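Going down the list, the protein sequences come from chains H and D. Here this note's numbering runs 56 ahead of the position in the first sequence, where the first position is 1. Here this note's numbering runs 65 ahead of the position in the second sequence, where the first position is 1.
For the record, the hints were derived by calculation from the structure and aren't laboratory data. As the structure is a prediction and not an experimental result, all values here were calculated from the model. The C-beta atom is built at its ideal place from N, Cα and C for all residues, glycine as well. Just so you know, not all the hints are guaranteed correct.
To be verified - Calculated lysine-lysine pairs in the BS3-like style (CA-CA distance at most 25 Å, straight line): (1) K341(D) x K123(H); (2) K104(D) x K77(D); (3) K77(D) x K98(D); (4) K265(D) x K124(H); (5) K123(H) x K265(D); (6) K265(D) x K341(D); (7) K124(H) x K68(H); (8) K104(D) x K124(H); (9) K109(H) x K124(H); (10) K89(H) x K68(H); (11) K123(H) x K109(H); (12) K123(H) x K68(H).
Claimed, not checked - In silico negatives: residues of chain D with every beta carbon more than 10 Å from chain H: (13) T82; (14) D90; (15) E319.
Said to hold, decoys possible - Computed Cβ-Cβ distance ranges for the label pairs, DEER-style: (16) E337(H) x E367(D): 55 to 63 Å; (17) L342(H) x G103(D): 53 to 61 Å; (18) G169(H) x G178(D): 15 to 23 Å; (19) E320(D) x I240(H): 18 to 26 Å; (20) E119(D) x D358(H): 43 to 51 Å; (21) E337(H) x D189(D): 32 to 40 Å.
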Amino acid sequence: MTSIDDLQHDLKGVTDTVLGDLSTEERIRIFAKEAADGNEEFLEQLADTAPRKEYTATDLDYLNGIKKVGAVSLQARHELQTRYQVITEHETTRDKYMALMLLNESLSRLSRGAFEIDGFGNFDAPDHDDTEYAYGKQQSPSIAYLATKYRELWEDVPAELLVDEGDRAGTAEVFPELAASGLIAYPDDLSAETFDDLDDDRIPSEVHETEFRLLHALVDFHTRFHGWRLFAEEHLDITLDELLDISAPEEEDVAGNIHGINEISERLCENTLSMNRDYLEALPTLLEEWADEGENIDLDLDANAQNFADGLADAVDLP
Amino acid sequence: MTRITDLHQDVKNVQDTVLRDLDADERVRMFLKAAAEGKEDRIEMLRDSTPRYEYETRDLEFTHGAIEAYSLSSMANAELERLYTAIMMYETARNMHVAVVLLNEALEQLSQGHFTVDEYGNADTPASWPHDYGPQYDPDESRLAGKYRELWDRNDLELAFDTEDRSRPFFAEMAADGLLSYRTEVMENYAPASMARAEKHLIDTVAEFYRAFHTYRRLAEEHLDMTLDEFLGASQTERLPFDDRTGPRRLTEEECRDVLERMQQYIDAYEESQQKVGEVLAEGAPDAVDGLDDDEIAATGELMQQYDLDDMVEADVADLAEDLEDSPGF
């Protein structure tokens, strides 16, 4: 009788034969598909069954080494650039929410009592049927009301948007979006809900949440920036700027623009962290607040960066 | 007597001998230094002096093809994510600037004319508003910041880490940012406001994203016989908890299409602006500019009048496909 082990061995033999017959092109296409599925075991089989050939070639260790260097540089550039942009986005989002809340408060004062907004962003908006709105019924009454108010105000603003220059009605889409943002910026009131076992009777405001996202992004950025810097300096013996330059885009386009790219450099990273240092400085106190009693949370940002750099050195495994 | 050329030859021979003796480790590190310093000739010397060995190894075409496919996928991920986050960043910036100028306008109406901001962002604040930020601040900015702060305090609004020393400079920064949203007066002319600049960046970035997205999508579908999601997935790492707070976003085709649909008016505006530039250029170089080839400019102009992003995609796909054909294994 065939034992299970024998059977598995037989099956593997069949797969190996089929895989052994693949042409190089077929093998690469299958490789790309399987890599997308993350099927490590099969990838290994695919590599093991590739035919072996005899070559005279330029030192393969050297060729693989320089390929790795290019890939590592691109990875560093990509990680830092994307994360720098995420930080800027969170910062701007925070400012946007704050400006909108201040705007709502000012509008409330301007309306002389017709429009009173409370600390949770609630107010009695006139019903769609009673008022002439510029927006259809697909918007909730409060958003339609606010958007209309914003737009009326915009008519008097001596500033201009680029796309809609000379056509202020064309900016209509911006205002419902802003009004919706303006309303979710406030905390949520849960005090009237039935969940009376909750510790807290409010969900923190979006401003609050955005600041936490920003804090997380900064911690991550600190680790990766200093991590990559240490990796370049200690393991590659070059500066971070030099590492980033290896994969720098060759030239600007015809018009001289590199649009989306904020040219990333050591100095920009330093500045970003320095401009937001109050968040990172507040971190130890916050961690203490969050910790359960008696729990000892130890967060050493510099140690994190060093670990990240050492991890990179292991993973990249340059010759 | 040794002639100069002989000497050169000798130096070159010595160099070659030294370079040939490097082991792979040393060679990679020297390559790294040379690449970092952009020294092309040294990279070439390193390459030429690398020893050649006889190997019996796994099909090299497969190995290199797999590396090539993987790097192409990483590059696509890097480019799409970078542009996607840039779109989010510029869009938020535009909205933030709009919100601040609206706020200033509301304050102007509230003050019944005592506070005004002109089209260049020059604020004129009433002396009755407190100027308590100290002499290093511009009085108008300081008064406006005080007004923001007052509105904020009266409303019981909260920042995540609200402290007196934190929110004070914060509002000053916001007042300064807000005033930059308007045009800047430069001599008799004006520079576009930061609001318009944010929008200009947004337009350019959206156009670049459109190009990159469709190029990689078509490359995957037409030349690699897989979907864009499969192609991107080949080099995307596993998602970790809390990753979405900090990125990377691990984009999918659907997310890309959503953002492009939302930004359709900017894509149109981009094509239109390129065509308009083309119309001007087609007339030839402006009189004020000397030394430019008139015909060349006119020809570029005529091409730009037909500007169409899909044509650019077509050309990009053809370029990438040609590179692929040249690499082993394809």
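So which hints don't hold here, by number, going up? 1, 4, 5, 7, 12, 14 and 17
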